[in-house]
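Colleague: Here is how the chains run, residue by residue.
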Amino acid sequence: GAVVSQHPSWVICKSGTSVKIECRSLDFQATTMFWYRQFPKQSLMLMATSNEGSKATYEQGVEKDKFLINHASLTLSTLTVTSAHPEDSSFYICSAAPHKQETEAFFGQGTRLTVV
Amino acid sequence: GNSVTQMEGPVTLSEEAFLTINCTYTATGYPSLFWYVQYPGEGLQLLLKATKADDKGSNKGFEATYRKETTSFHLEKGSVQVSDSAVYFCALIGSGNTGKLIFGQGTTLQVKP
Chain A
343 GAVVSQHPSW VICKSGTSVK IECRSLDFQA TTMFWYRQFP KQSLMLMATS NEGSKATYEQ
403 GVEKDKFLIN HASLTLSTLT VTSAHPEDSS FYICSAAPHK QETEAFFGQG TRLTVV
Chain B
103 GNSVTQMEGP VTLSEEAFLT INCTYTATGY PSLFWYVQYP GEGLQLLLKA TKADDKGSNK
163 GFEATYRKET TSFHLEKGSV QVSDSAVYFC ALIGSGNTGK LIFGQGTTLQ VKP
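So the sequences go chain by chain: A and B.
Residue numbering for the first sequence follows the working numbering, beginning at 343 and increasing consecutively.
Residue numbering for the second sequence follows the working numbering, beginning at 103 and increasing consecutively.
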């Protein structure tokens, strides 16, 4: 149980285009999902907290107009990188917290984004 | 705010050596503590966790004890294998912060045959 699926696992896009990444909780409901970004050989930095049915909460320094987050259902959150540029190339990872369970979070397998 | 500090790597050990990766934290209240492992090119896997003081988390020969008096959660393994080579992240979820993990900077472990 407690499987989180992230899609795609990798994507290459041209500079200026937009890319959508999906994060699904397959066997549980997740009121809250989280999006992280990881640069090579660095730690995971929280970008935003995605709340089902409401606006996402962005961490300081994260551009909300560039990284659009939608959490339309209890099992799906999406991150759209708009007008991507090479500096947006990174590893993006989502996690999901089961409803009313604060001591656990399950991770997707990550998405490697390369902007050329 | 909440934070996690890990020892810097890389840590290089010979097979069957004893492993310790230090982790200390700063948090108000009673956070939950975690160790995650990341193999090259992959996402994160939960290795072990502890949710209250003096709890010991253990898995696959790894263990860590939640020490509130020293605000520490050091990872240990008695005999490492080459397959343990990976990046290890210490993390916490603060009281009342559902699922929101704060990570340490990660420690790379290299185990040589």
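None of these hints come from the bench; they were simulated from the model.
Even for Gly, the Cβ is constructed at its ideal location relative to N, Cα and C.
Where hints are given, some of them may not hold.
As the list claims (entries may be wrong) - Okay, derived cross-link-like pairs now, PhoX-like style, lysine-lysine, Cα gap no bigger than 25 Å in a straight line:
hint	chain 1	residue 1	chain 2	residue 2
1	B	LYS202	A	LYS406
2	A	LYS362	B	LYS162
3	B	LYS202	B	LYS214
To be verified - Here are some chain B residues pointing at chain A (derived, C-beta under 7 Å):
hint	residue
4	TYR141
5	ALA155
6	THR200
7	LEU203
8	GLN207
9	LEU211
Colleague: Each hint: holds or not?
Modeller: Now for the hints, and whether the structure bears them out:
1. B:LYS202 / A:LYS406: Holds - the C-alpha atoms of LYS406 (chain A) and LYS202 (chain B) are around 18 Å apart, at most 25 Å.
2. A:LYS362 / B:LYS162: 36 Å, violated
3. B:LYS202 / B:LYS214: The hint is violated at about 35 Å.
4. TYR141: 11 Å, violated
5. ALA155: Hint violated; ALA155 (chain B) Cβ to chain A Cβ min 14 Å, cut 7 Å.
6. THR200: Interface hint status for THR200 (chain B): holds (4 Å vs cutoff 7 Å).
7. LEU203: 6 Å, holds
8. GLN207: 5 Å, holds
9. LEU211: 13 Å, violated
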